[in-house]
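**Q** Take a look at the letters that make up each chain.
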Amino acid sequence: MAENTLETTSAEPIAPQESYYRFNSAERFEHMLLAVVFIGLGLTGLPQRYAGSEWAQSLINLLGGIESIRIVHRILATILMAESIYHGGIITYKLFVLGRKASLMVGFRDLRDLIQWIAFNLGIRQSHPSLPKYNFGEKAEYLALVWGTLVMVVTGFMLWNPIATTSILPGEVVPAALAAHSGEALLAVLSILTWHLYNVLFKRFNRSIFTGRLEHDAMEEEHAEELDNILQGHVIQDPPPEIINNRNRYFIPYAFIVSSLLIIGLMWFITLENTAITTIDPVPIDEVYELTISADVGNADTGLEVWESQDCAECHGAGAQGTPGTLNIGIANTSLTFEEFVDKVRRGPADMGAYSPRKISDEDLAHIYAWLQSLDK
Amino acid sequence: MTKPQQTAMILTLFGVVLLGLGYMIMSQPIMTYAQDTISEPTGDNSFCLTCHADSDQTKTLADGTELHLGVNQEALTNSVHGSSNEEGPLGCVDCHGADAFPHDNPYPETGRAYTIKLSLACTNCHVEETENLADDVHYTAITDGNLRSASCVDCHGSHDIQPLDEPISRISETCGDCHTTTFEQYRNSVHGVALFEGDENVPTCVSCHGVHGIKHPTTALFRNRSPELCATCHADEDLMKEYDISTNVFNSYLDDFHGTTVSLFEQSDPNVPSDKAVCYDCHGVHDITTADDTKSHVVRENLLATCRECHPDASSDFPDSWVGHFEPTFESHPLLFAVNLFYDILIPAVLGSFILLIVIDIIGRIRRRFNRQGGH
Numbered sequence: 001m002a003e004n005t006l007e008t009t010s011a012e013p014i015a016p017q018e019s020y021y022r023f024n025s026a027e028r029f030e031h032m033l034l035a036v037v038f039i040g041l042g043l044t045g046l047p048q049r050y051a052g053s054e055w056a057q058s059l060i061n062l063l064g065g066i067e068s069i070r071i072v073h074r075i076l077a078t079i080l081m082a083e084s085i086y087h088g089g090i091i092t093y094k095l096f097v098l099g100r101k102a103s104l105m106v107g108f109r110d111l112r113d114l115i116q117w118i119a120f121n122l123g124i125r126q127s128h129p130s131l132p133k134y135n136f137g138e139k140a141e142y143l144a145l146v147w148g149t150l151v152m153v154v155t156g157f158m159l160w161n162p163i164a165t166t167s168i169l170p171g172e173v174v175p176a177a178l179a180a181h182s183g184e185a186l187l188a189v190l191s192i193l194t195w196h197l198y199n200v201l202f203k204r205f206n207r208s209i210f211t212g213r214l215e216h217d218a219m220e221e222e223h224a225e226e227l228d229n230i231l232q233g234h235v236i237q238d239p240p241p242e243i244i245n246n247r248n249r250y251f252i253p254y255a256f257i258v259s260s261l262l263i264i265g266l267m268w269f270i271t272l273e274n275t276a277i278t279t280i281d282p283v284p285i286d287e288v289y290e291l292t293i294s295a296d297v298g299n300a301d302t303g304l305e306v307w308e309s310q311d312c313a314e315c316h317g318a319g320a321q322g323t324p325g326t327l328n329i330g331i332a333n334t335s336l337t338f339e340e341f342v343d344k345v346r347r348g349p350a351d352m353g354a355y356s357p358r359k360i361s362d363e364d365l366a367h368i369y370a371w372l373q374s375l376d377k
Numbered sequence: 001m002t003k004p005q006q007t008a009m010i011l012t013l014f015g016v017v018l019l020g021l022g023y024m025i026m027s028q029p030i031m032t033y034a035q036d037t038i039s040e041p042t043g044d045n046s047f048c049l050t051c052h053a054d055s056d057q058t059k060t061l062a063d064g065t066e067l068h069l070g071v072n073q074e075a076l077t078n079s080v081h082g083s084s085n086e087e088g089p090l091g092c093v094d095c096h097g098a099d100a101f102p103h104d105n106p107y108p109e110t111g112r113a114y115t116i117k118l119s120l121a122c123t124n125c126h127v128e129e130t131e132n133l134a135d136d137v138h139y140t141a142i143t144d145g146n147l148r149s150a151s152c153v154d155c156h157g158s159h160d161i162q163p164l165d166e167p168i169s170r171i172s173e174t175c176g177d178c179h180t181t182t183f184e185q186y187r188n189s190v191h192g193v194a195l196f197e198g199d200e201n202v203p204t205c206v207s208c209h210g211v212h213g214i215k216h217p218t219t220a221l222f223r224n225r226s227p228e229l230c231a232t233c234h235a236d237e238d239l240m241k242e243y244d245i246s247t248n249v250f251n252s253y254l255d256d257f258h259g260t261t262v263s264l265f266e267q268s269d270p271n272v273p274s275d276k277a278v279c280y281d282c283h284g285v286h287d288i289t290t291a292d293d294t295k296s297h298v299v300r301e302n303l304l305a306t307c308r309e310c311h312p313d314a315s316s317d318f319p320d321s322w323v324g325h326f327e328p329t330f331e332s333h334p335l336l337f338a339v340n341l342f343y344d345i346l347i348p349a350v351l352g353s354f355i356l357l358i359v360i361d362i363i364g365r366i367r368r369r370f371n372r373q374g375g376h
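Taken in order, these protein sequences are the chains called Y and D. Numbered per this note's numbering, the first sequence spans residues 1 to 377. Numbered per this note's numbering, the second sequence spans residues 1 to 376.
Honestly, the hints are just simulated from the structure, not real lab data. Keep in mind it's a predicted model, so treat the numbers as computed, not measured. Glycine included, each C-beta is placed from N, C-alpha and C at the ideal position. Mixed in with the good hints there might be a few duds.
[Stated by the list, open to error] Derived CB-CB ranges, DEER-like: (1) D/197 <-> Y/55: 25 to 35 Å; (2) Y/293 <-> D/316: 35 to 45 Å; (3) D/248 <-> Y/55: 50 to 60 Å; (4) Y/88 <-> D/302: 39 to 49 Å.
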């Protein structure tokens, strides 16, 4: 990246000021968006990790129930992914069109800064290390954010689209993705609650990400090297317009194609399948009476005896021709198959009631069936 | 005491008495079954049995049913209401009513209507069983006009009543008299087979469905609560020890996506349907078998088909995304095990580092402040 560096030095050193410019409005907006989305994702995600505990259940109920928070979680995830695409575009523009230094890239100097900073705090070293525009702590946070988002997007895809995932990868990947998604989330939230909040709230109330400017004493401690540059008049200057225009001729079509592809990818991500959001209703089990014998075992004479020993004749008539004045259903020489016949008796059609094997056995039904078939209609 | 004071006193007393009376009336249950009519059994049936003893006589009712008028004396004496009854043997009029004789009352239209009418007589004494009757599926079906639904005597019998749970399998057989196809499935299930082999621990129909307050099993409420129902036995270590079944099944279900969702529904909106699987969606309802049975819905060979009931496009590796009811080990789930291990180390390591750095920063700040003050 060094050959792209076009940071130039302006003429005059300047006098110390109360505060110094640090973030432009687009960067401040990105931080706000990211903060809202991050908090939202944490609030809708972590209770799912701890769904067994009471605080999580109260929180889930407060936020509208588990199905609602899952939808909200996915909407926020979509916003975060769209934001990531935008961020990628901005970074590419800054690096390759404006020719800026990759000021958030971790290097060996950060390790040196860290060691010197520890040594200073413990009294081993006399001077505070002179820290750059983004110091080792901020670089670590930024890289953690990029890494974390990457893990969350990849594992989130697997959880959102488990069927597509398991058509390529082994099934075990899905619970592993859940474990990673859940573990990374906990890591991210706890890191923000400790490291980030300590540094921007408790150590010193640092409002620069909202106001765009950082006070002199904060600059002195946390970004001495950057402050030095500013005071000596080293100001980052953009390349001349003709160079920018020239580079834009390549960048704009590239950005258009890549971001279009990424947005198509994002749409694909969120619409590929809905099995994790909704499923079809469970198929009702069709209960069929399983017959163990065939009609052949039936004997017409025995059938008549069984018929008379049961209360069949009350409605169907002594000769199975029906009994006037009652339900009057003749079933002599029925057109039902034996299987249908048994199924009807066992289920019990309207007004008849079911007859269980305890009331009348399959064999006896075979006998009755044989007798019925021996009659005239 | 002056006159107005006396008047006030009397009015107050009157008010207190009125309030007390009102409370006594209001605190009575609004609807009561006829439990007040419990009285000593009347025992002697010789008068009725003069005609009804072992008679072959029948009376044809308006709908054509023949009402058998004979009473099997032996069956009656040996029944739970007979000579073994702690309160003494019941008399005919205890159920049939003191106004049963002379037979002036009009005959019932149908035999069925007569059965149901006489079933109400059971509630005279069996108060406890009637407590949840208002929600009972059979009872509400009858009051909604479906006279084919079960009344007391359909399950318990009438003159020949014997304990329904002796042997315990008789309970399920009784339900099976009407619910034939369901019973056939149950009889061949792991629970049913054990029941008929004499195992008294396994659930009969009423263990899951209840007895005299049977709720409809197709409601969202029943579904959302069903995992807890299964867990009453399957999370009971003493009970499961005998069968060598893991009691981790319930907790591992709750830890999973399906179980987490269903238990949250159960806690917050038990009446809202959830489409996430409960125990019986995978294991089957009445046809449940051991998990290694070739007919089991959850045995490896059938698992994909079971998943596809809700996830129709499930790929052949999809079932593997369910970790199972056992703790994942390195052997069973190496990747999952590795990821968990990774975060078990990474989270404390990162947080520990952050906290250490914060402590170092605080130490530095205190030192500098101290040095500044001490330096002067």
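**Q** Looking back at the hints listed earlier, which ones does the structure fail to meet?
**A** 1, 3
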